[in-house]
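Chemist: Sequence:
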Amino acid sequence: MEVVFTQDVPNKARAGEVRRVPDGYARNYLLPQGLAEIATEEVKKRIHKITAVGDEIRVRETAIMEELAKGMDDVTITLTARITPNGRYYGAITSTHIAMELAEKLGREVERRWIEIAEPIREPGEYDVTLRFSTEVSATIHVNAETEE
6 MEVVFTQDVP
16 NKARAGEVRR
26 VPDGYARNYL
36 LPQGLAEIAT
46 EEVKKRIHKI
56 TAVGDEIRVR
66 ETAIMEELAK
76 GMDDVTITLT
86 ARITPNGRYY
96 GAITSTHIAM
106 ELAEKLGREV
116 ERRWIEIAEP
126 IREPGEYDVT
136 LRFSTEVSAT
146 IHVNAETEE
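Sequential numbering of the sequence shown, starting at 6, is according to our numbering.
Misleading hints may appear alongside valid ones.
Stated by the list, open to error - Quick list of simulated restraints, FRET-style, between CB atoms:
# : residue 1 : residue 2 : range
1 : Gly96     : Asp28     : 37 to 45 Å
2 : Val23     : Thr135    : 25 to 33 Å
3 : Gly130    : Glu22     : 40 to 48 Å
Rather than coming from a laboratory, the hints here were simulated on the basis of the structure. Even glycine gets a Cβ: it sits at the ideal position worked out from N, Cα and C.
Hey, can you work out the whole structure from these sequences and the hints?
Modeler: Below, the structure is given as structure tokens:
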């Protein structure tokens, strides 16, 4: 089935692109979620006009994200948590904890979905965490995980 994507779908397509996708994927996921529409000539014309405006917005957003990423490279945050007798945390430090601490340090909102960690931090130590603002823009921050007194 040929669809026009109305929003960016990671690892699939960007908004405004026309792609052929499996029928089930379109019917069960893309269309109900509002991520795409069936590609008719009318929809293609409408999306073409919207895409021009979207490209302008995307360029502006990318510039803002690049500026934000520039200031992140030398940022270090420290998080603490209680540990068990065998040296592991009772819980874990997750992307939510990192986002809250980073937002407090920077004085601006940081979305949890920007933070990429393979798995939650369960032991004290120093970690490098990637912040992916968009497909083109990313930064790395340093996270010090310490024990709570």
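Chemist: Against each hint, give a clear statement of whether it holds in the structure.
Modeler: Against the structure, the hints:
no. : hint                       : result
1   : Gly96 x Asp28: 37 to 45 Å  : holds, 43 Å
2   : Val23 x Thr135: 25 to 33 Å : holds, 31 Å
3   : Gly130 x Glu22: 40 to 48 Å : holds, 42 Å
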